[in-house]
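These are the residues of each chain, in order.
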Amino acid sequence: MTAPLLDVQDLRKEFAVRAGRFGFGRAMLAAVDGVSFTVSRGETLSLVGESGCGKSTVGRAILRLIAPTAGEIRLDGQRIDDLPEHRLRPLRRRIQVVFQDPFSSLNPRLTVGDILAEPLRNFGLVHGRAARAERLGQLADAVGVAREALGRRPHEFSGGQRQRIGIARALATEPELIVCDEAVSALDVSVKAQIINLLADLQDRLGLALLFISHDLAVVEHLTHRVAVMYLGRIVETGPRRALFAAPHHPYTRALLSSVPVPDPTATRRRIVLGGDVPSPLAPPPGCRFHTRCPFAVERCRVETPALRPVGEGHVSACHFDTEPAPG
Amino acid sequence: MTLSPLTRRRLAVFRAHRRGFVALWIFTALFLLCLFAEFIANDRPLVIRYDGQWYFPVLADYGGDVFDPTAMPTEADYTDPELQAAVRAKGWMVWPLIPYDFKSIVKNLDRPAPSPPSWHNWLGTDDEARDVLARIIYGFRLSVLFGFTLTAVASAVGIAAGAVQGFYGGAIDLLFQRFIEIWSGMPQLYLLIILGSVLTPTFWTLLIFLLLFSWMHLTGVVRAEFLRGRNLDYVRAARALGVGDAAVMWRHILPNAMVATLTFLPFTLSGSVTVLASLDFLGFGLPPGAPSLGELVSEGKNNLQAPWLGITAFVVLGGMLTLLIFIGEAVRDSFDPRKTMT
Numbered sequence: 000m001t002a003p004l005l006d007v008q009d010l011r012k013e014f015a016v017r018a019g020r021f022g023f024g025r026a027m028l029a030a031v032d033g034v035s036f037t038v039s040r041g042e043t044l045s046l047v048g049e050s051g052c053g054k055s056t057v058g059r060a061i062l063r064l065i066a067p068t069a070g071e072i073r074l075d076g077q078r079i080d081d082l083p084e085h086r087l088r089p090l091r092r093r094i095q096v097v098f099q100d101p102f103s104s105l106n107p108r109l110t111v112g113d114i115l116a117e118p119l120r121n122f123g124l125v126h127g128r129a130a131r132a133e134r135l136g137q138l139a140d141a142v143g144v145a146r147e148a149l150g151r152r153p154h155e156f157s158g159g160q161r162q163r164i165g166i167a168r169a170l171a172t173e174p175e176l177i178v179c180d181e182a183v184s185a186l187d188v189s190v191k192a193q194i195i196n197l198l199a200d201l202q203d204r205l206g207l208a209l210l211f212i213s214h215d216l217a218v219v220e221h222l223t224h225r226v227a228v229m230y231l232g233r234i235v236e237t238g239p240r241r242a243l244f245a246a247p248h249h250p251y252t253r254a255l256l257s258s259v260p261v262p263d264p265t266a267t268r269r270r271i272v273l274g275g276d277v278p279s280p281l282a283p284p285p286g287c288r289f290h291t292r293c294p295f296a297v298e299r300c301r302v303e304t305p306a307l308r309p310v311g312e313g314h315v316s317a318c319h320f321d322t323e324p325a326p327g
Numbered sequence: 000m001t002l003s004p005l006t007r008r009r010l011a012v013f014r015a016h017r018r019g020f021v022a023l024w025i026f027t028a029l030f031l032l033c034l035f036a037e038f039i040a041n042d043r044p045l046v047i048r049y050d051g052q053w054y055f056p057v058l059a060d061y062g063g064d065v066f067d068p069t070a071m072p073t074e075a076d077y078t079d080p081e082l083q084a085a086v087r088a089k090g091w092m093v094w095p096l097i098p099y100d101f102k103s104i105v106k107n108l109d110r111p112a113p114s115p116p117s118w119h120n121w122l123g124t125d126d127e128a129r130d131v132l133a134r135i136i137y138g139f140r141l142s143v144l145f146g147f148t149l150t151a152v153a154s155a156v157g158i159a160a161g162a163v164q165g166f167y168g169g170a171i172d173l174l175f176q177r178f179i180e181i182w183s184g185m186p187q188l189y190l191l192i193i194l195g196s197v198l199t200p201t202f203w204t205l206l207i208f209l210l211l212f213s214w215m216h217l218t219g220v221v222r223a224e225f226l227r228g229r230n231l232d233y234v235r236a237a238r239a240l241g242v243g244d245a246a247v248m249w250r251h252i253l254p255n256a257m258v259a260t261l262t263f264l265p266f267t268l269s270g271s272v273t274v275l276a277s278l279d280f281l282g283f284g285l286p287p288g289a290p291s292l293g294e295l296v297s298e299g300k301n302n303l304q305a306p307w308l309g310i311t312a313f314v315v316l317g318g319m320l321t322l323l324i325f326i327g328e329a330v331r332d333s334f335d336p337r338k339t340m341t
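Residue numbers (numbering that gives the first Met the number 0), protein chains in the order written: chain P, 0 to 327; chain V, 0 to 341.
Hints listed in this document are in silico derivations from the structure and should not be mistaken for laboratory results.
Hints are all accurate, no fakes.
Pulled from the structure, derived: some chain V residues nowhere near chain P, Cβ distances all over 12 Å: (1) R17; (2) I104; (3) A159; (4) W182; (5) T199; (6) W203; (7) A223; (8) P306; (9) D332.
For each label pair, taking beta carbons as the anchor points, the in silico distance ranges come out as: (10) V:G169 x P:A130: 33 to 43 Å; (11) V:T201 x P:A130: 51 to 61 Å; (12) P:L307 x V:L174: 37 to 47 Å; (13) P:E133 x V:G184: 56 to 66 Å; (14) V:G184 x P:A26: 30 to 40 Å; (15) P:Q137 x V:T6: 25 to 35 Å; (16) V:S183 x P:L87: 37 to 47 Å; (17) V:G282 x P:A26: 50 to 60 Å.
Chain P side only, calculated, beta carbon under 7 Å to chain V, not exhaustive: (18) L62; (19) L64; (20) R88; (21) R91; (22) V96; (23) F98; (24) D100; (25) S103; (26) S104; (27) L105; (28) N106; (29) P118; (30) N121.
The structure displayed is predicted, hence computed values, not measured ones.
Ideal Cβ placement from N, Cα and C applies to all residues, glycine included.
With the rest of the complex left out, here is chain P (with noise of 0.2 Å):
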């Protein structure tokens, strides 16, 4: 097996908070706390959990818009996150991302084609400007954006026209990593759909990897490769999209799956209602930092952190428990 293009080891980012009764005291919050995963090169993996989780810190860590604390972050084998800026540039361009608000991810002053032009002059990827509004025009063309759109301001636009925009900036560069930072989540269900058949499509046509990082499951099944689902700053079980689907391991992933809604009406399910609320991260449970929630948690639960072990082919999962009792 190749090295994949990106593999993330431990990674772990703390935010210092005010604490205390006056705010004087200092409190560190691990928005993520040991994360390990790897992209290979044409993979997508989804990146999945509820709100605060800690899925954007990782993204933004590997973007490296923000520094991790602690842990390895490689790009084709070469350490990314403790590089300084300057040599980290060049690697810049084989990362780039799409963000989830379509209308504050465009600066609103800039043209279209000034928005796209500008990794392309930052990195200096194409000369003069024949090849410059030729290079604008593919970009356009690759992501359905008609070639007029170019000398139009975002506002202009629609959310899904201007997100189509913002993933023609991501690729401007040629990269090979895109994160796409809950790219779809802000648009609605039609478009959605759109977004989602255009990314795969470039993935098919480019060969890119794609970091999807989402709080939809059922937008990922459509989409990925394997799936990774986080609680609480931590990954709680990986696998093949088929796999964990079909066979979700975690008591967490379950109740997610069963979250998604089924397009029909005669579908008899069980729906697993977790009670209460995620935990803080700032003193998160111990033990397995599910168990607050958990409906099968037993005492070992509250001691004990499970570790991932494998369930299944590349299928790991954080659960003490082999097979879970069917719950009722």
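Given chain P, work out where chain V should sit, using these hints.
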């Protein structure tokens, strides 16, 4: 240059703000007039036609012996009746509307200075027998130029400082904030008095001195805009694209911060004008003899028997500041998103 729809809407709102729009035109007209103060109020003629030759005393210096062979070859004094007679004998001359500049002394006053308004001195003379109108024209120009320069330089420094604080945040921000707090606690006036005892204040020393303290006005606003701006998704995207810090600040964040900044500018300008006038009033400002509005206020205070001094100073200074405030209000309204976004 093509205007974005937003800019066009802003211009429309500005124009619709009648008071501000009219104030801008009046102020611009007055300022342009005063820029050519030498051609309006001067103790030299605009043109002399003498012995078949053209002379332009406004633009060049001529010796007195050019027109009157008996006079000394030193610089010609065109107010001298003998020289005037000599010129008239062989030609003619055209005087500016007001035949005095800010430092020339009105001769042949029929009463002790300050003398009241008359056909000759429209706004009277001050207590050193200088024409008040001429001094106001020069003083207006000086005040506005001083205000413009101070505002421009102070804003540039303030924006840069605020940008760096807001963009980098953390320790840089903290240290900078504490420094500003300490620095703004300095007793400006005392320092200025001490400075005035060491060296004679000029236009430029005053400007630099006031600059040391006035750049802080804008840093707070700009810092806040940058703190917000650096977390915008398109700023994050730009950084992921490897755009350098300076370019991110300049291209992606600053345009947003400019709205808040531009709104402040007319008010900063009127503030700068006021500061200069008050320093002149107190006698710590421009050197004696310079045409300053503050000095006129002070003369008005010292010569209450000559109310034309105080009234003129009040009307000019008050009028100028009112115009600037009206313009400022219009600018503020035109950048108000509630008025332009609908």
